[in-house]
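The whole structure should be built from the sequences, with the hints applied where relevant.
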Amino acid sequence: MFTGRKLALTLAFTVLVALALGVSCRGFFVSPTLTSITINPTTPSVQLNSTATLSAYAVNSNGQGMVLTSGVSWSSSDPSVAAITGNCATEACGSATLQGLQIGTTTISVGSQSVTNTATATVFISVSSIAVAPTSQTLATNTSFTPLPFVVTAVTANGPLNISSSAVMTANLNGTASGDISCTYYTSNPTGAAGGPGFYCTDDGMATQGQYQLIASYTGTTLTGTAQLNVPAPSSSSAIMLRSPDTGY
827 MFTGRKLALT
837 LAFTVLVALA
847 LGVSCRGFFV
857 SPTLTSITIN
867 PTTPSVQLNS
877 TATLSAYAVN
887 SNGQGMVLTS
897 GVSWSSSDPS
907 VAAITGNCAT
917 EACGSATLQG
927 LQIGTTTISV
937 GSQSVTNTAT
947 ATVFISVSSI
957 AVAPTSQTLA
967 TNTSFTPLPF
977 VVTAVTANGP
987 LNISSSAVMT
997 ANLNGTASGD
1007 ISCTYYTSNP
1017 TGAAGGPGFY
1027 CTDDGMATQG
1037 QYQLIASYTG
1047 TTLTGTAQLN
1057 VPAPSSSSAI
1067 MLRSPDTGY
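Mapped onto my numbering, the consecutive letters of the sequence shown carry residue numbers 827 to 1075.
No false leads were slipped in.
Label pairs and their in silico Cβ distance ranges:
| id | residue 1 | residue 2 | range |
| --- | --- | --- | --- |
| 1 | 962 | 877 | 38 to 48 angstroms |
| 2 | 862 | 904 | 22 to 32 angstroms |
| 3 | 917 | 1043 | 37 to 47 angstroms |
| 4 | 864 | 1002 | 40 to 50 angstroms |
| 5 | 962 | 903 | 36 to 46 angstroms |
| 6 | 918 | 973 | 54 to 64 angstroms |
| 7 | 973 | 904 | 30 to 40 angstroms |
| 8 | 906 | 1003 | 32 to 42 angstroms |
| 9 | 862 | 917 | 14 to 24 angstroms |
Please keep in mind that the hints were generated in silico from the structure rather than gathered at the bench.
Every value quoted in this text rests on a predicted model; they were computed, and no experiment measured them.
Note that the Cβ used here is the ideal one computed from N, Cα and C, for glycine as well.
Here is the structure:
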């Protein structure tokens, strides 16, 4: 007589139990969280006036690795060297675009779900040749600076580029490196005379008379540029300074 009613109650009870079990089981399964994040490539680089793509690779608490496609924050410590562009510059996104604006390095920061990491990005140039101007100068005396700066220029895919501030210049005499001639980069003539930024060379007072070859090099390439520095014989005043004050010799 109550068979139908009992069946209905049994089914209802079964449904309630199933729902309860379902809710209970869901409570045991916690959504995985990120445990680490890495910028890909790990040592990013971008050519000057070009762009490169950065992505974020993450590992979650289940040990699963994945490339994040959203929810990633990006920033550059020096956006004047390399900047994050597009939507990623102002809001969380997936992969980011890095634009090279100036030769140098900057720190790229990435973050998602309170997990962060950094990588050093380098802005480089592709050099086809290096030149030094002027091609020749002469020291007025053995201890004076060159009257004009030597300027180092690189020919790149984007045109000529002044790389004096990041180049290196050394002096050779007859094919041998000389420590008596020093060429140092200054933003203006160190003597206070006219002259802009570039390498100013001087003698330590011990340099041999002759024609020195100045060799300019730049990190990242084996190419070099050369110029000539003529060191004259000591002047009479310089010779007097070398005499002993006691003996006159």
